[in-house]
Structures are given as structure tokens and as C-alpha cells.
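Each protein sequence line maps, in turn, to chains A and B. Per our numbering, the first sequence runs over residues 33 to 207. Per our numbering, the second sequence runs over residues 13 to 188.
Honestly, the hints are just simulated from the structure, not real lab data. Computed from a prediction, not measured in an experiment: that's the story for all the values here. Keep in mind that the hints are not guaranteed to be accurate.
Just a sample of chain A residues kept apart from chain B, beta carbon distances all over 10 angstroms, derived [what the hints assert, rightly or not]:
#1 132
#2 163
#3 178
Mimicking BS3-like on lysine-lysine, the simulated pairs with C-alpha atoms at most 25 angstroms apart in a straight line are [what the hints assert, rightly or not]:
#4 37(A) with 15(B)
#5 157(B) with 184(A)
#6 157(B) with 149(A)
#7 137(B) with 157(B)
#8 184(A) with 156(B)
Just so you know, even glycine gets a beta-carbon here, dropped at the ideal spot from N, CA and C.
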Amino acid sequence: MRKTKRGQMETVGLVVIIILITLGMLFMAKFALKSKPKKNAFAQEELTYTTLSALMETEAKCENQEEIVWLKIGKTLMEDCAERELFGSSTYNCEGKDSCLFLEGLLQELLTQTLGKWGRHYEFKAVLWEGERTTELISLLDEEQKGCPGEKDSSNLFFSFQGMDKINVVLSVCN
Amino acid sequence: MKKNIKAQIQMSETIAVLFIFFVLILFGLIFYTKYSQISFEEKREELTDRQAIDVSLKTLFLPELICSQQEAEPTENCLDLMKLEAASKTFSKYRSEYYFNLFPFVNITAVELYPEERQWGLYDKQKVKQLENGSLVKDWTNLKKTYFVVALRNETKEKEKGGEYSFGFLEIGVYS
Numbered sequence: 033m034r035k036t037k038r039g040q041m042e043t044v045g046l047v048v049i050i051i052l053i054t055l056g057m058l059f060m061a062k063f064a065l066k067s068k069p070k071k072n073a074f075a076q077e078e079l080t081y082t083t084l085s086a087l088m089e090t091e092a093k094c095e096n097q098e099e100i101v102w103l104k105i106g107k108t109l110m111e112d113c114a115e116r117e118l119f120g121s122s123t124y125n126c127e128g129k130d131s132c133l134f135l136e137g138l139l140q141e142l143l144t145q146t147l148g149k150w151g152r153h154y155e156f157k158a159v160l161w162e163g164e165r166t167t168e169l170i171s172l173l174d175e176e177q178k179g180c181p182g183e184k185d186s187s188n189l190f191f192s193f194q195g196m197d198k199i200n201v202v203l204s205v206c207n
Numbered sequence: 013m014k015k016n017i018k019a020q021i022q023m024s025e026t027i028a029v030l031f032i033f034f035v036l037i038l039f040g041l042i043f044y045t046k047y048s049q050i051s052f053e054e055k056r057e058e059l060t061d062r063q064a065i066d067v068s069l070k071t072l073f074l075p076e077l078i079c080s081q082q083e084a085e086p087t088e089n090c091l092d093l094m095k096l097e098a099a100s101k102t103f104s105k106y107r108s109e110y111y112f113n114l115f116p117f118v119n120i121t122a123v124e125l126y127p128e129e130r131q132w133g134l135y136d137k138q139k140v141k142q143l144e145n146g147s148l149v150k151d152w153t154n155l156k157k158t159y160f161v162v163a164l165r166n167e168t169k170e171k172e173k174g175g176e177y178s179f180g181f182l183e184i185g186v187y188s
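Just need the whole structure built from these sequences, with the hints factored in.
Right, here's the structure in full:
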């Protein structure tokens, strides 16, 4: 009888230890499997959209043959860049550069002063769509040239060009 | 004598088991406290982020700043330069009566990057506390900043100074 009671007591002790260890491990598992909250998903999407929208609305200072003109990046300069790619000449010559080169320099500077300064990696592309054929007009990466190999948030804008064709501008900000 | 030794051994066993039991409880408590601390910090950061987004959206759509076109829909992601010049005075004048309810403890700055570089401090309300000697000291440890890029519209369109739309951003800092 004594041996039986002793055996029972020892088993109870073992069970208590196992229950404690199981509870501890469940707790650790809950902590480890808890998903990291998505950091500011809304702010990220808004930043991509607002940056692209503001860039395309901005009017750039173009010193064209001793005359200063203010040209909208999104419509006028992009179209002029597309014309240069297709026909080899552009209407505007800003600071001694053709529209595409001028735009590349200006956009890189503006993106570096905003997204780059805030520690965000990005990709910017402007592509001309002529039916099924595409021609890359501008392609920019952040200063570290890392781009977005992984997850990213993108914003698109389209401008019509010479009737049927389109210019597609895409800004991607990496997560 | 043998019974005594046996009893002593059993007592020692019991004490050892109890000791290990309480050590396990202690580890559990330490672990739980650490987890609660981290969880609290994460939650606080999440709330600060949410407040920053909330303030940013309110600022972007404030009639005192947004680009308006009479009765037409106002232009999104656009701030009016003429309104910006007057806004900081308006915000300071009516801060305690009205604007504090909209923007509790935040710092709002509008910055133009292109073509000119300039900035406007629109609103700044820091958390402060009064010491025993009556002096006010800052009562915040963290300033979380959020940025929104915006277009800035210049109605006057002075050709030498700028086109109709400039490029800039809105910086919203939340004190915590």
C-alpha cells in the first residue's frame, strides 16, 4: 500500500512538472509566432502616390535659348522626352541638355532630397507604349543603386502621347 | 538511526523539488514581465504612428491650406503658397481655442524644395511640465516624424520666381 501511495505521489509530481513546462512552451510559442505589425502600410502607399503625383505636377525651370520657361514635368517635359526618343530631337533644350537628360537629373535630385533623405529605397521608370512596343525613357534608382528586389509599393500614372500612344510613369518605394 | 537518515533524505528531496519549482516560477515571471514591456512599447509606437497618420490626413485636407478652386473640388496633395504664408499666424492665434483639439502635441512644418528652398513652421505644441520652481521643461522623449510629399501652388505665377506648381513636403512630428 505504501509503495502504491509513493508511486502515485511521484507521478503527480511528474505531471505537475510536465504541465508547467508545457505552459511555458505554449507561452514562448505564442510570443515567437506573433506576427510583426505591418509598419505603416497606409503611410507607405500614400507616400508613393503623393510623391509621384507632386513630381508630375511640378513645373521645372527651363532656360531655353536665353529665355526662362516653366514646363510641367508630367506632361510637357515627358512628352518632349518621348519625342526625342522617337524622332531624335526635342523642342526644349534646358540648361544645354535634352529633355530626357534634364528630367533624369532633376527627378534624381528631387527624389534624393525626399525619399533618399528619409532612408527609403526606390525605383522610378518612365516608359513609352506604342501599341505593343515599349521604349524606356527614364530609369532611376536610389543613391545606393539598390532598387526594390523584394516587396514594394508602386504608383502609376499614364499620359496620352500623340493620340494612341501612352507614357507610363511608375514610382516604386521599397518596403 | 536509519529511519532518521531516511527522513532527512526525503526532506531534502522535497526541499530540492520545491526549490526547482520556485525557480521555474521565477523564470516564468521574469519572462512575462519582459514580454509585457516589449508589448507595451510596440503598442505605444503603433498608437503614435496612428496619431501621425491621423494628423497628416487632417493637415492635407485643411481648408486653411489646401489648393481650392472656388466651388470645384479642391486639388488633392496640394497646398496653396499664399495660404501657407498666412497659416502659421492663424494657427498660433486660435491654437488653444480650436487647433489644439485637432492637433494635440504635434509639430507641423511645410517645406518647399524646388525651385526655391524655404519652409513654414505652421504649428508646434510641445508636451511640457511645470517644475516645483515654476519653470517649464519639456515632457517628451521622442519625436516621431512622418512625411508627405505635396505640390505647392503659386497663384501669383511670377515667372521669374516660379511656375504655378512647386515641389515640397509636409513634415508631421508627433511628441511622445
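Right, here's what the structure says about each hint:
1. Residue 132(A), annotated as away from the interface, keeps every beta carbon of chain B farther than 10 angstroms; the closest lies near 19 angstroms.
2. No Cβ of chain B approaches the Cβ of residue 163(A) within 10 angstroms, the least distance being about 32 angstroms, so the stated non-interface status holds.
3. Once the 10 angstroms rule is applied to beta carbons, residue 178(A) is consistent with being away from chain B; the minimum gap is 20 angstroms.
4. Note on residue 37(A) and residue 15(B): the hinted pairing holds, with a Cα-Cα distance of about 19 angstroms set against a maximum of 25 angstroms.
5. Restraint check for residue 157(B) and residue 184(A): the C-alpha separation of about 21 angstroms stays at or below 25 angstroms, so the hint holds.
6. For the proposed pair residue 157(B) and residue 149(A), the alpha carbon gap of about 13 angstroms is at most 25 angstroms, so the pair holds.
7. Restraint check for residue 137(B) and residue 157(B): satisfied, since their Cα atoms lie roughly 14 angstroms apart, inside the 25 angstroms limit.
8. Distance hint between residue 184(A) and residue 156(B) is fulfilled; the C-alpha atoms sit about 23 angstroms from each other, no more than 25 angstroms.
In the structure shown, no violation is registered for any of the earlier numbered hints.
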